[in-house]
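Sequence order for the protein chains is G and D. Each residue of the first sequence is one higher than the one before, starting from 1 at the first, in our numbering. Each residue of the second sequence is one higher than the one before, starting from 1 at the first, in our numbering.
Everything labelled a hint here was simulated from the structure, so no lab data went into it. As the structure is a computational prediction, the values presented were derived from the model and not from experiment. One should not assume that every hint holds.
[To be verified] Derived Cβ-Cβ restraints for the label pairs, each shown as a range: (1) 89(G) with 231(D): 43 to 53 Å; (2) 138(G) with 183(D): 32 to 42 Å; (3) 404(D) with 17(G): 23 to 33 Å; (4) 130(G) with 12(D): 46 to 56 Å.
The beta carbon of each residue, even a glycine, is placed where N, CA and C say it ideally should be.
The primary structure of each chain is shown beneath.
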Amino acid sequence: MKILVWLDEGTWEACIDAARDLPGEVTLLHVSDVGTEAALSGSAGLLGRVAGADPAELLAAAERRLLGAAAQRLDRPAKILTLRGRPEHEVLASCASADLLILARDGDQRRLGPRSLGHRTRFVVDHAPCRVLLVWPGSPPPLGSIP
Amino acid sequence: MITVASLVLLVGVLGFAVARPRGLPEAVAAVPAAVVAVVAGLVPWRDAVSELAELGPTVGFLAAVLLLAYLADEAGVFRYAGTIAARWSRGSPQRLLGLVFVIASVVTAALSLDATVVLLTPVVFATASTLAVRPRPHVYACNHLANSASLLLPVSNLTNLLAMSAAGLSFLTFAGLMALPWLAVIAVEYLILRRFFADDLGTPPRPADVPVERPPRFALVVLGLTLAGFAISGPVGVHPAWVALGGALVLAVRQKEPVGTLVSRANPGFCLFVLALGVVVLAVSRGGFGTIVDRVAPHRPDLLGLLLMAGLAAVLANLLNNLPATLMLLPLAAHSPGLVLAVLLGANIGPNLTYVGSLATLLWRRILHHRGAPPVTGEFLRLGALTVPACLLVGVASLWLGLRVSGL
Chain G
1 MKILVWLDEG TWEACIDAAR DLPGEVTLLH VSDVGTEAAL SGSAGLLGRV AGADPAELLA
61 AAERRLLGAA AQRLDRPAKI LTLRGRPEHE VLASCASADL LILARDGDQR RLGPRSLGHR
121 TRFVVDHAPC RVLLVWPGSP PPLGSIP
Chain D
1 MITVASLVLL VGVLGFAVAR PRGLPEAVAA VPAAVVAVVA GLVPWRDAVS ELAELGPTVG
61 FLAAVLLLAY LADEAGVFRY AGTIAARWSR GSPQRLLGLV FVIASVVTAA LSLDATVVLL
121 TPVVFATAST LAVRPRPHVY ACNHLANSAS LLLPVSNLTN LLAMSAAGLS FLTFAGLMAL
181 PWLAVIAVEY LILRRFFADD LGTPPRPADV PVERPPRFAL VVLGLTLAGF AISGPVGVHP
241 AWVALGGALV LAVRQKEPVG TLVSRANPGF CLFVLALGVV VLAVSRGGFG TIVDRVAPHR
301 PDLLGLLLMA GLAAVLANLL NNLPATLMLL PLAAHSPGLV LAVLLGANIG PNLTYVGSLA
361 TLLWRRILHH RGAPPVTGEF LRLGALTVPA CLLVGVASLW LGLRVSGL
């Protein structure tokens with residue numbers, strides 16, 4: 001089984017924990033968000049007054065750190081895939097060759113329900129062309145949280 | 001004819017600043033354009049000289065503040081702010097956003113928007129990345145606050161420096177009148193960003209061990225004294241540019257910075273660009289475009305007048321970039337401190353509106369295209385459309401209130 005694990009900041013640990021117990025070939029995917037890169041490039045708008053840090057380098061360093069920590073937590077051989085673009089689109093494109101996608105909820109974590117999916121996660125879950133394993137990043141809210 | 005010629009010059013200067021062929025500095029086009037404006041009679045040479053004399057101290061002030069921010073960064077002030085934010089946030093993305101708002105607002109106000117965009121934003125990104133929280137909201141916050149939090153002090157934005165000298169406001173009067181709009185605008189930005197990025201901010205807190213860093217005491221004390229010096233320099237008859245230069249020199253000597261570095265960090269090329277741009281904009285103001293703007297611009301600092309002036313400045317800031325917009329509107333508003341400050345509200349908050357419309361954005365897009373990453377405009381536009389009108393409204397309303405209370 002080919003397992004694709006989408007690692008996003010703040011929720012990736014739960015995805016790794018879910019992948020660890022499953023047999024198969026694991027690919028760890030991280031997408032560098034071009035929106036963040038654009039916001040990091042604000043110094044370009046200051047009429048050449050100053051040259052700032054290189055956003056691509058900053059993003060690459062952060063990505064290396066996250067993937068390093070994830071590989072260590074998984075503790076078994078895995079492929080690494082790094083992409084750059086709009087995360088939800090890149091993840092879906094990468095699902096084409098996977099049997100299972102593992103991702104985490106990232107919306108309202110206080111109650112069970114549709115709002116526990118952020119809009120990007122929702123987009124991926126709605127459009128994924130493979131099986132999906134959706135995990136809570138922490139312990140799930142109790143059943144009583146359903147309104 | 002004069003109108004067309006002067007507009008062609010301005011568009012040429014700004015177009016060159018966007019295209020920057022072979023990486024040449026902006027002044028390479030701006031200085032000859034200013035000379036052409038004078039030689040062709042679009043601006044009488046006496047007016048050009050008095051414009052330069054008026055802009056000179058202001059541009060010097062900016063150079064000193066840029067230098068001060070660079071030296072503060074070298075001393076570790078921004079890195080220290082990053083570790084404080086990391087520790088106090090206890091790994092929570094929401095608490096980190098609150099801390100980033102406080103730090104970015106203070107840095108923008110005290111050390112100019114350049115310091116926030118260039119020096120603080122990478123630190124904030126690194127802090128978010130260390131805590132493994134999603135950096136998007138925090139980086140966007142820095143981007144927005146660099147503009148909208150640059151209302152408080154004359155040193156926060158070059159536009160403010162220009163306004164202070166045009167309206168003859170003292171450092172303290174300026175800060176006093178802008179304190180309420182500054183706070184109100186930051187509060188609105190916070191509420192909207194908090195909601196806009198709710199998904200990214202909702203991930204569980206992940207406490208991380210952040211090593212304690214020694215505070216850069218010397219640099220912090222010098223920065224504090226320099227800020228206090230700005231406040232008292234006016235009443236004793238010293239131009240605040242000297243205070244900024246003094247603060248920068250103290251740090252430079254302590255840090256044994258080479259003279260060459262100091263000169264290059266003061267951005268002489270950019271200073272020359274601003275001076276030349278001042279002459280070119282003067283030519284535009286004297287022509288038909290200036291007449292149209294004059295006719296549209298309100299002349300009374302009542303609530304409607306302030307709103308119209310701020311709106312006009314915001315529109316021009318997006319059409320031309322906020323620097324030419326401010327240079328063009330200030331002479332029309334100089335008779336009323338209220339209208340001058342309304343110009344600033346529009347010129348400083350306005351650029352957040354269309355990340356595609358302003359010159360600053362064109363520059364930014366050019367760099368992104370150059371890197372092979374066409375910018376994602378949808379998110380920026382939506383955030384701008386949500387924050388800018390709301391910030392302008394509360395900013396103008398608070399300014400009006402402040403003017404009524406102070407009787408100015």
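Evaluated hints:
For residue 89(G) and residue 231(D), the Cβ-Cβ distance of about 51 Å falls inside the hinted range of 43 to 53 Å, so the restraint holds. Checked against the given bound of 32 to 42 Å, the beta carbons of residue 138(G) and residue 183(D), roughly 35 Å apart, stay inside it. Our hint of 23 to 33 Å for residue 404(D) and residue 17(G) is violated, since their Cβ atoms are close to 60 Å apart. Between residue 130(G) and residue 12(D) the CB atoms are about 55 Å apart, so this pair conforms to the stated range of 46 to 56 Å.
In this structure, only the earlier hint numbered 3 is contradicted, and the remaining ones agree with it.
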